[in-house]
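Take these sequences, add in the hints, and give me the full structure.
If you use this note's numbering, the sequence shown closes out at 495, no skipped numbers anywhere.
Certain hints may be false.
[As the list claims (entries may be wrong)] Derived pair list, reagent style DSSO-like, types lysine-lysine, alpha-carbon separation capped at 30 Å:
| hint | residue 1 | residue 2 |
| --- | --- | --- |
| 1 | 223 | 195 |
| 2 | 437 | 388 |
| 3 | 437 | 207 |
| 4 | 195 | 207 |
| 5 | 437 | 427 |
[Stated by the list, open to error] So the derived label-pair ranges between C-beta atoms look like this:
| hint | residue 1 | residue 2 | range |
| --- | --- | --- | --- |
| 6 | 360 | 160 | 43 to 51 Å |
| 7 | 72 | 423 | 52 to 60 Å |
| 8 | 390 | 492 | 38 to 46 Å |
| 9 | 72 | 178 | 15 to 23 Å |
Worth flagging that the hints you see were computed from the coordinates, not collected in a lab. Backbone N, C-alpha and C fix where the C-beta goes; we use that ideal spot for every residue, glycine too.
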Amino acid sequence: MVHLLDLPDELLIQICEGLQQIDKYSGDNCRLACQQLCAASSHLLVPVVAVDCRVASLERFSEIIRHPVIGKGVRTVRVPMHSYRCELSEVRTSFVKFIAEPAIHDLADPELYLDNTCEPNTKMCEWLGRLLPGRVPQGEHVKHDDRVWSRALSLVHGEYQRLFREQELLRRDGNFVNTIASALAKIPHRTVLVFDDKPCKSLDVVNLEPFAQKHCHLLDLDPDFWRSMWYDMLSPYTWTGLVNDDFGWESFAPDPAFEEPRMDFVFNLPSAIARAGGRIHHIQFHSDCDRPLGHIPPGTTTQSDFASAMQQLEAFTVITQQPPEDSIVDDLASSVLANASNLYFLRIAFTYANILSKALASRPLPHLRQIHFDGAQIKVPDLVVLLDGLPAHVDAIYLGHIRLVEGTWAEALDALRKKSYGSFVIEKPEGLLGPGYTQWAFDPMGNTIASEAPEERFLTNRRVPGSLSPAEAFVLRITSINPCRT
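Below, the structure is given as C-alpha cells:
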C-alpha cells in the first residue's frame with residue numbers, strides 16, 4: 010500500500026486543493042503535520058483577498074499576489090463597494106454626525122461595562138453633541154477635556170480628508186483598477202471577482218497603529234481607549250451603511266450634495282483585467298442596499314473591453330435588495346448576458362420583484378446548464394427565448410418566487426417541458442396559472458394534481474412532468490451525457 014507521503018508533490022497539492030473551503034485551523038494543522046504537507050498546503054493560506062481604493066490596501070494586495078507561495082492560492086478577489094465620502098470630508102459637522110458620534114455611541118453604553126471605563130465615552134458623546142446644530146446639550150459641560158478632544162477630532166478628520174484625496178486620485182488616474190488588473194494577470198489560474206457592500210472593516214489595523222501612537226503621544230491620550238474609535242472613524246463607508254444610518258439619515262437625505270457613490274469600477278475593473286491578460290471565470294455582485302443605485306452606462310471603449318472580458322466568463326451571480334426601478338443591476342446583468350457566450354452557471358436573486366426581461370432576451374446561452382432565479386418578474390415570451398437558447402439538457406434549474414407579468418404558468422410549463430433536466434424546482438410561483446388550473450403542485454412521480462391548499466403551491470421535482478428524463482434524452486441522442494455514468 011502506498012503511503013500518503015510517498016505520492017508525488019503534484020498529487021499532494023491536488024489532494025490539499027480538493028479540501029473544499031478549508032478553514033484556517035485545518036490549514037494550520039496540515040502545515041504543522043510535516044514538511045511535505047506544509048509545502049503542499051501553504052499556498053492555501055490566503056484563498057480570499059480584499060482590496061479597496063487605498064494605497065496601503067493596493068500595496069498589501071500586490072505583495073500577496075507577488076508572493077511565490079501564497080499568491081498561487083488566491084482564488085477570490087473581493088472588491089468592497091466602500092468609499093470615503095466627499096460630504097464627510099468637506100463638512101465637519103457631517104463627519105461628526107455620521108462617523109464620530111456613531112463610533113463612540115456604543116462605547117458609551119454603561120451596560121457593556123462592569124466598571125466606569127465607559128465614563129470618558131459618555132462625556133465625549135455629550136461634547137460631540139454640542140458640535141451639532143440644534144442639539145440640546147444634556148448633563149454638565151466637561152470643559153477641561155474640550156481642548157484635547159477638539160484637537161483629537163481635528164486630527165482624525167484631517168486623516169479622513171487625506172484618505173479621501175488619496176481615493177479620488179487613485180480613481181481619477183485609473184491606478185486603482187490598473188493595479189488590481191496587473192496583479193491578477195500574474196495569477197496562472199482563473200479567479201472569482203466579488204463586488205459587495207456587506208458591512209466590513211477593511212482598514213488595516215497595522216496601518217492605523219503609527220497614526221494612533223503618534224497622535225496619542227502628542228495629545229497625551231491612552232491609545233487603547235482611542236484606537237477602536239479611530240478605526241471606526243477612518244474606515245470607508247458603504248452606501249448601505251449610510252442610508253441605513255440610525256443617526257439622522259432621513260433629515261440629511263434631501264441634501265442634494267449627498268450623491269450616490271461612484272460605481273463605474275464595476276465595469277472598468279473586469280475590462281482592465283481582460284486588457285492585462287487576467288482571467289475571470291466568475292463575477293459575483295452582492296448589494297444589501299434597498300435604495301436604488303443609478304445607471305452607470307459604460308463608454309464605447311469600456312463596452313468593447315467589457316465584452317472581451319465576458320467571453321471567458323463561466324459563472325455570474327447577482328444577489329441584491331435593489332428595488333424594481335432601473336438600476337446598476339439591470340445594466341450589469343444585461344451587459345454580462347449579452348456577451349458571456351460561454352456562461353455555464355447563472356444565479357439572479359432579488360429581494361424585490363425586479364423584471365428580468367431585458368437580461369433574458371440578450372442572446373442565446375448554449376453552454377448554460379445551471380440556472381437559479383429567485384424573486385424576479387418574468388414574461389413568458391422572454392422565458393421562451395431563454396429556453397430556446399439553452400442546450401437540450403440542463404443540469405439544474407430553480408425558479409423560486411417568480412411572478413409572471415405576461416403569460417400563464419401553463420404556457421411556461423409547456424415551454425419548460427421541451428428540455429430535460431437533472432434537477433428541477435419551482436417554488437411558490439406567482440401570477441396567472443392558466444386554464445384548468447386552480448392551485449397546483451406536482452408530486453415526485455410527475456403527475457399533475459389540483460389542490461386548493463396554498464401551502465401546496467410549489468413544485469419540487471426531478472423533472473418537468475411530461476418532459477424527457479435524462480435517460481430518455483440520452484437514448485434519443487438529444488444529449489451525449491449518459492446518466493448511468495454520472
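30 Å limit on alpha-carbon distance, applied to hinted pair residue 195 and residue 207:
holds, 28 Å
Between residue 437 and residue 427, is the straight-line Cα distance small enough, at 30 Å or below?
Holds. Residue 437 to residue 427 sits at ~22 Å (cutoff 30 Å).
Take a look at whether the Cβ-Cβ distance between residue 360 and residue 160 falls inside 43 to 51 Å.
holds, 45 Å
Residue 72 paired with residue 423, Cβ distance criterion 52 to 60 Å:
With a Cβ separation near 57 Å, residue 72 and residue 423 satisfy 52 to 60 Å, so the hint holds.
Can you let me know if the beta-carbon spacing of residue 390 and residue 492 is within 38 to 46 Å?
Roughly 32 Å apart at Cβ, these two residues miss the hinted range, so it is violated.
Can you tell me whether the CB distance of residue 72 to residue 178 sits inside 15 to 23 Å?
holds, 21 Å
Take the C-alpha atoms of residue 223 and residue 195, compute the straight-line distance between them, and say whether it is at most 30 Å.
Outside the cut-off at roughly 37 Å; violated.
Does the structure keep residue 437 and residue 388 at a Cα separation of 30 Å or less?
holds, 17 Å
Compare the distance between the alpha carbons of residue 437 and residue 207 with 30 Å, and conclude whether the hinted pair is satisfied.
With Cα atoms ~28 Å apart, residue 437 and residue 207 stay inside 30 Å; holds.
Of the numbered hints stated above, those contradicted by the structure are hints 1 and 8, listed in ascending order.
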